[in-house]
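Whenever a hint applies, use it, and build me the whole structure from the sequences.
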Amino acid sequence: PEELPDFRGFEIGRVYEAGSGLMAGDFFDVHRIDRFRVAAVIGDVAGHGIESSITAFQAKYLLRVFLRQFRDPAQALEELNAQLAESERTEEFISACVVVFDTEAGTLRYTSAGHPAAFLFKEDGTRALRSTGPLLMLDPAASYFSREIEMESGDLVVLYTDGLAEARSGEQLFGEERIVRAIERNLASPVDVLCKSLLDAAKDFAGGSINDDTAILAIRRD
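The numbering used here applies: residue 99 is where the sequence shown begins, and numbers increase by one.
Calculated from the structure, these hints are not laboratory results.
Below, a list of computed lysine-lysine pairs in the DSBU-like style, where the Cα atoms sit at most 30 Å apart:
| no. | residue 1 | residue 2 |
| --- | --- | --- |
| 1 | K301 | K158 |
| 2 | K301 | K220 |
| 3 | K158 | K220 |
| 4 | K158 | K294 |
| 5 | K294 | K220 |
Right, dumping it as structure tokens:
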């Protein structure tokens with residue numbers, strides 16, 4: 099979505115910057131599943147061009163459908179993978195991370211298909227939300243699992259695509275440690291400001307620009 103809707107109980111920020119390709123393979127989405135649950139999705143289709151953009155659109159749309167159909171986001175990923183793996187686009191694959199926030203239970207449940215680690219920032223420390231299954235579109239029978247974590251007021255989740263972590267300065271990558279440090283410097287900021295500051299930190303590290311598409315999504319519980 100170009101403009102993210104407002105969701106009571108959450109502060110949501112995002113930033114997206116296109117790489118050198120004309121059409122993007124990165125995608126993200128935030129939508130309400132039901133009265134108590136909100137889903138945040140981020141993903142990256144390998145490659146550039148119109149086909150990658152079409153696949154990204156399909157994945158985003160189908161995830162909306164499957165996240166309403168299945169309570170466990172891992173099941174939604176399995177269904178998405180089974181459908182997309184049957185396509186004839188054998189050169190494509192997708193990484194994706196899905197986080198479902200449940201305001202009634204006070205939890206988040208996440209699943210990740212080979213996607214770069216998201217990060218959960220809590221008062222007592224930082225937790226990496228790492229992959230729980232393989233990349234999508236490689237094996238139609240692939241299985242995924244989800245993890246549930248307590249989420250309290252003030253907790254923050256940051257998701258991003260690999261363009262951020264792979265920003266380069268010579269042979270060095272921006273990487274997870276710099277991502278976490280850049281976020282921790284801006285934890286008190288509004289989430290939109292935090293997202294932009296994180297992107298700017300990666301661009302500064304890389305000498306002013308990043309070659310790949312980069313999407314960042316931040317969700318803080320009020």
